[in-house]
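Q: Sequence:
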Amino acid sequence: MPVSTSILPVAMLALATISALATPAFAEWPLDKPVKIIVPATPGGMVDIPSRLAAEALARQTGGNFILEHRPGAGGTIGTQALLSEPTNGYSILLISSAAAIAPTLYPDTIGDPREDLVPISLALEIPIAIMVPTDSPIDSLETMIDMAEQVPGGLAYASGGTGSGNHLTSELLQRETGIEMVHIPYGGVSAASTGMLSRETDLAFTSYAAAKALADSGQARIIAITGESRLEIDPDIPTASETVPGFVSINWFGFVGAKGFPLDIRDTIKAELEIALTDGETVERARTAGVDLIFSGPEPLADHIEQDLQRYSELLQSIDLSSLR
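Read in order, the letters of the sequence shown correspond to residues -27 to -1, 1 to 299 in mature numbering (1 follows the signal peptide of the UniProt record, and there is no 0).
FYI, nobody ran anything at the bench for these hints, they're computed from the structure. Positions of the beta carbon are idealized from the N, C-alpha and C atoms, including for glycine. No false leads were mixed into what you were given.
Taking CB as the label site, the calculated pair distances span:
(1) P7 / G192: 39 to 49 angstroms
(2) Q124 / P60: 57 to 67 angstroms
(3) R149 / Q124: 11 to 21 angstroms
Here are the simulated DMTMM-like pairs of lysine to aspartate or glutamate, each with C-alpha atoms no more than 25 angstroms apart in a straight line:
(4) K6 / D238
(5) K244 / D86
(6) K244 / E59
(7) K6 / E59
I would like the entire structure built from these sequences, with the hints used as guidance.
A: If you want it as structure tokens, here you go:
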């Protein structure tokens, strides 16, 4: 598969500024060659936002070269394999997503256990799934959607970005939780799913918030619920699914990792620099303009997300027909 590589401009700072930002372990990470950030997606999408903004901020802070290498495909496994093939010397890191917890079941012959193969550095982004409908749809709320699905099991069809995607699995979890049954129509990505819904091939779609927000702002669709723990600060009028289905939360998360054997002193240095990068005022504001809120967590919360999602999805995935992916 072709590799798309973009080299970010190096922002050289004055020596005093570099000294002020450097951590005590900085000498162990001399940045005498480019640092590769592997992104398991095509350029320009949602996954690209935290990696690109973090890379630009890291370049400003350290004066180093940070290269984005895009390795899309197979639910993120191609990106993970690319990381595992690199030397574990602190010059290659990977942006993973919640798909990392799904991939071992979807592609058991090509990917291992992320708890064993990857070294967490920090979460960078948490974003809810959006449930959207065409503007003229009679479905005006999540409660209405559930009522309609209860009255006619299989009477509603929904679009997702593909079988086994986070959007698809969120819909499966919601159906289990509420006891409803809907027809799943998988598409090749969230853009195609949105087009399918707008063409009335489906009644609704489970998709990324960013994709749904763009259509809602253009007047083509309405977001009836998001699946985060709380309402979004940037869009507070959209209710959460848990307001209708108590306790129901499902998010897509993104975080930075190294490969097994990654030097922990360098991991700690990258973690310290990422904390500065992901909380930088300018970077945070640019992310919000793109419809996301960056976060910094450190390694433990990212490790917890991987563990929890592996447990949450293992049983669910066994009940879904995944033959088309193998």
